[in-house]
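Colleague: Here are the chains, one letter per residue:
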Amino acid sequence: MTGHDGLASEAGIDAADDPVAEVKDLFVTFRTVAAVRGVSFTVRRGECVAIVGESGSGKSVTARTLFGLTGDGARVDTTVLRICGQDARTFGERQWRAVRARLGYVLQDALVSLDPLRPVGKEIAEPLRLHGMVPRAQVAARTVELLREVGVPEPDARAAQYPHQLSGGLRQRALIASAIACDPELLVADEPTTALDVSVQAQILRLLDERRRARTAMLLICHDLAVVARIADRLLVMKDGRFVEEGPTERVLGAPSHPYTQALLTAIPGRRTRGVWLSVPPPSAGPPAARREGKVVLEARGLVKRFGARLAVDGVSFHLREGQTLGLVGESGSGKTTIARLVLGLVAPDRGAALIDGTSWTELRGRRRRDVRRHIQLVPQDPLSSFDPRSDVRRILYEALLVGGVPRARRRDRALELLEQVGLDTAVLNRHPARLSGGQRQRVAIARALAPGPRVLVCDEPVSALDVSVQAQVLDLLVRLQAENGLAYLFISHHLGVIHHMSDHVMVLKDGRVVESGEVGRIFTAPRADHTRELLAAIPTTHVAADAHVLGHDPSFTKEATS
Amino acid sequence: MTHAIDTPRRRIAGAALSRPRLGRWCAALVLALIVLTAIAPGLFTSGVPHEADPLAALRAPSGAHPFGTDAIGRDVFTRVVYGARHSLVAAVGATVLAVTAGTLLGLVAGLAGRIADEIIMRLADITLSLPTLLLALLVLTITGPGTLNSIYAIALYTAPGYARLVRVQSMVIRRSGYVEAATALGLTRARIVVRHIVPNAFIPLLVLATIEVGTALVASSSLSFLGLGARPPAPEWGAMLAGGRDYFSVAWWIAVFPGAAITLTVLSITVVGGALQRRLEGLDPSGGGRNR
Amino acid sequence: MTATTRRRLLTRLATSLVVIWGAITVSFCALHLTPGDVEDAIVGTSIVTPQVRAQIVAEYGLDRPLVAQYGSYLGRVLRGDLGHSYQRHEPVVTAIASQLGPSLLLAVTGMGLALILATATALLTAGRSRWVRGLASGAELVGTSVPMFWVGILLLTVFSFQLGWFPAVGGDGLTGLLLPAVSMALPVAALLSQVMREGLERVLHEPFVLTARARGMGDTAVRLRHALRHALLPVVTLAGWLFGLMLGAMVVIEKVFSREGLGGLMLDAVAGKDLPVVMGVVLISAFVYVVVNVALDLLYPLIDPRLQEER
Chain B
1 MTGHDGLASE AGIDAADDPV AEVKDLFVTF RTVAAVRGVS FTVRRGECVA IVGESGSGKS
61 VTARTLFGLT GDGARVDTTV LRICGQDART FGERQWRAVR ARLGYVLQDA LVSLDPLRPV
121 GKEIAEPLRL HGMVPRAQVA ARTVELLREV GVPEPDARAA QYPHQLSGGL RQRALIASAI
181 ACDPELLVAD EPTTALDVSV QAQILRLLDE RRRARTAMLL ICHDLAVVAR IADRLLVMKD
241 GRFVEEGPTE RVLGAPSHPY TQALLTAIPG RRTRGVWLSV PPPSAGPPAA RREGKVVLEA
301 RGLVKRFGAR LAVDGVSFHL REGQTLGLVG ESGSGKTTIA RLVLGLVAPD RGAALIDGTS
361 WTELRGRRRR DVRRHIQLVP QDPLSSFDPR SDVRRILYEA LLVGGVPRAR RRDRALELLE
421 QVGLDTAVLN RHPARLSGGQ RQRVAIARAL APGPRVLVCD EPVSALDVSV QAQVLDLLVR
481 LQAENGLAYL FISHHLGVIH HMSDHVMVLK DGRVVESGEV GRIFTAPRAD HTRELLAAIP
541 TTHVAADAHV LGHDPSFTKE ATS
Chain S
1001 MTHAIDTPRR RIAGAALSRP RLGRWCAALV LALIVLTAIA PGLFTSGVPH EADPLAALRA
1061 PSGAHPFGTD AIGRDVFTRV VYGARHSLVA AVGATVLAVT AGTLLGLVAG LAGRIADEII
1121 MRLADITLSL PTLLLALLVL TITGPGTLNS IYAIALYTAP GYARLVRVQS MVIRRSGYVE
1181 AATALGLTRA RIVVRHIVPN AFIPLLVLAT IEVGTALVAS SSLSFLGLGA RPPAPEWGAM
1241 LAGGRDYFSV AWWIAVFPGA AITLTVLSIT VVGGALQRRL EGLDPSGGGR NR
Chain X
2001 MTATTRRRLL TRLATSLVVI WGAITVSFCA LHLTPGDVED AIVGTSIVTP QVRAQIVAEY
2061 GLDRPLVAQY GSYLGRVLRG DLGHSYQRHE PVVTAIASQL GPSLLLAVTG MGLALILATA
2121 TALLTAGRSR WVRGLASGAE LVGTSVPMFW VGILLLTVFS FQLGWFPAVG GDGLTGLLLP
2181 AVSMALPVAA LLSQVMREGL ERVLHEPFVL TARARGMGDT AVRLRHALRH ALLPVVTLAG
2241 WLFGLMLGAM VVIEKVFSRE GLGGLMLDAV AGKDLPVVMG VVLISAFVYV VVNVALDLLY
2301 PLIDPRLQEE R
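Protein sequence lines, in the order shown, are assigned to chains B, S and X.
The first sequence begins at 1 in the working numbering and counts up by one.
The second sequence begins at 1001 in the working numbering and counts up by one.
The third sequence begins at 2001 in the working numbering and counts up by one.
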């Protein structure tokens, strides 16, 4: 595949500009594993090119090639590798260091990408000193100026603070400040917003967009199509070390030509995906079966839970009917997981009650309590840590079947049935969870949850650690199981698209309180609470034109402070 | 999470980045031989450890005396072979004693409420804040020297470490994701303890204990060298070095072979223990390594 | 100083007091657990007149109830009176003070050598090629498996007896100090270098190191300015354990090289059942341990600012 020429976006690329980075037929091999298998691309001044792909596709390795940082044991083969006008194929370490001064690198989470033992100011000053950008006496002043440029309030005070003392958004801004300290010609951002809450994500993207408008070339690496859609001029869709599709953002997202791109786009949950399958190929020919609403199986009455001085859950009430899904959404620390643990009877509320089939946990003791547990099961965020490290899949399932009262002789058959039900090969029965993929582990966790024959599943961020195509399969599985068994779901997620796709009713949480609740369509089209509106405004979508205004104005910009 | 408590030797044992498989098997073989030597020394030498031949004193290593002879003409090889039992019994004995006592104390601290926990853990703090060898010296001053007493002394200062491990381990596991998942699943408390908590707490303990036999061996031979553990003429390796002190200047072999035996034993214990530990970690989620 | 640091320090001081009180109590119990009368335990194997015996009974209040004895014992120790050695015919404090110098010199030299050796090895070998690391970790494995006294014996045999480069017994100044200090340093350095290398290798894979390299920083600068500080953290946490190790090492090494010092004092005392001296050394080392740990607690947040915010 060859590089595209003469691509222009509304930002106005001067086609005559020399490319800042040019790569042709790049291969990167780690011992016997070919991570990158023949990719070509160029990045020009003022242009934002995004490489999109799932984990293991080779996108980060491609980015590191531009810095000569693929690491020991990597073999790099390429016919063209031009960076800032120089042929970098024969660079030695000294030449690489010189050229790195003209590039900037922003990594995922500044908490680990900035040295935790040094104040952020020192980290920003480091490139200035290394490359003698400003006279020594002015380094401190320039550091503060840089922090101000990236929109950090009180930059003097912040420069003396350590990364852990700053909020996620401020940290990421500081990281960007250190990357742009030497006024780079090319800024490479590898998943720059992945660890952030949606509202902060939008601010960081806006900041990156500003740099692009200031004619810096930008290479964005991201797994999330919706995020790159906001600022990328051109997309490169990467799979198994190759670009399967490339072109202007609007064209790729609007009219994808490659089946993989189409599958990726189909897999993104949201308003448009309600009532349809996400995965390609779909689990069945027709659309998901309609669900029937039954009687109330789970109820929360004024739940209050305090941890030390912090009020984790403050007066939360809801009820959940058979065959229905209640979505709990909120940013990190809003109390979602505590609610899950309260309704599962794992912690006792300070006030209020959680009722299963009309019986409160507090009334239940011993044997009766365990009997009730059968009816409400958990699908955890991190399935691996929920499995005994010494158990294989067989033991995990047999134990769950024991709880369900399945006699020993029938356990094997039932376990195989369950594996089939969650779409796993029966050979998985003898495997150890640590040797399974993320998606397979989550399926095992779902099979375990189904084994005792529950009526309610509490799904606590069940897909947040998964790639989008695997996420699509797991969500489809949950939808199918709900239709088949009339299960009720309490579905917890910070991802509004997932909530929109899955839920019938939604509760929006902030600081342990319900700020708004109601029918899903109403919440997403006519939100009443400010917080809901903020969350919705920050959702990135692949629909390019509609969110142009989000980048233009950012109301939450000044509200961010240290945590 | 398997290692709530770190001992220096555990770190070393677990450190091997790519310790070759061959090395592990060699170490296992050597260890097996040493253990066999301790059980049946007669298989390896026809000599008698206390048999002295003053006419053949201080002979350099040769065909008849592969490790040479000592100041009163005893065969050093025979003594090193017979020493395996003395040295290993002391090391294993001290470790078994310490693990048993530590486990009991740790369980009581972990399960019997806050007051017992506080008392036991403060006692452990005090013991652990006294330098190990000095504590052993204090004990031996009171009890007098001897093999058995030195075993007690070593067990006394290693037991608190095991007690801490058991306590922390049982608390970490009790709060772990899988115990919570098992509770949410609806398993009985007894089943969770027997099937999940106990095995996950004890297997790392046993592996650690294996590795720490090496530490105990170094400690007990040091005490013997100081004349406080096994006493000459017992063919204990540390005691042999102590007994040969005056002749090192003329007979290097007296200095070299017993010490080499200690080192080789500790080395193979550490490598084998490290291999066990890594096998255990293979099943550990934290060792699995997930891609983001 | 932040509120959290202050609270941490106060907790640490409280625990320290408990530890010191505990150590005193342990030694009081030791006196009474020793078979025979307490006054026998105190005089050990030396032969004393009945008058001296009576004097001990009066001094320790042995005719009074146990609680009163305990109280007066506690008071004496807290005033710095560690008792009298009837074998050495001098107060325990004097005996210890006279032997402290050579031991301290040995411990500091040994520790310094170990630190230098470990840091250099770790910096040079961390993240290098497979066989460099293999070689280093193999050497460390051997180094930590060797009993320290045997290292001393080997060095003595080779360099003093065979080559005659160093004095075999005693020896003043640098020549006498070098072999004991090296035998002490080698096993400790093996362990420290392993810990530091492990730390360095973990740090060198951290994203912030990648960020620093992407800024155009050279490998040596990355190791010295970013990685080393992180690798020192686990070493600091080992300090308490190291201190205990050094004290034990001193006893053994001084015996091998027939050096003057606390080790010799201890061994004589153990052999002669001179309990006041043994307890004195134990009490003092417990005290030093506590002081070292409080100092480290103050130092630690300066190295790792994240700890200031803990909880």
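Because the hints were derived from the structure by calculation, they are not lab data.
Since this is a predicted model, take the numbers as computed values, not measurements.
Some hints here could point you the wrong way.
What the hints assert, rightly or not - Calculated lysine to aspartate or glutamate pairs in the DMTMM-like style (CA-CA distance at most 25 Å, straight line):
(1) B:K122 <-> X:D2304
(2) B:K122 <-> X:D2219
(3) B:K122 <-> X:E2206
(4) B:K239 <-> B:E516
Colleague: If a hint holds in the structure, say so; if it does not, say that too.
Modeller: Status of each hint after checking the structure:
| no. | hint | in the structure |
| --- | --- | --- |
| 1 | B:K122 <-> X:D2304 | holds (15 Å) |
| 2 | B:K122 <-> X:D2219 | holds (18 Å) |
| 3 | B:K122 <-> X:E2206 | holds (18 Å) |
| 4 | B:K239 <-> B:E516 | violated (40 Å) |
The earlier numbered hint that this structure contradicts is number 4, and it is the only one.
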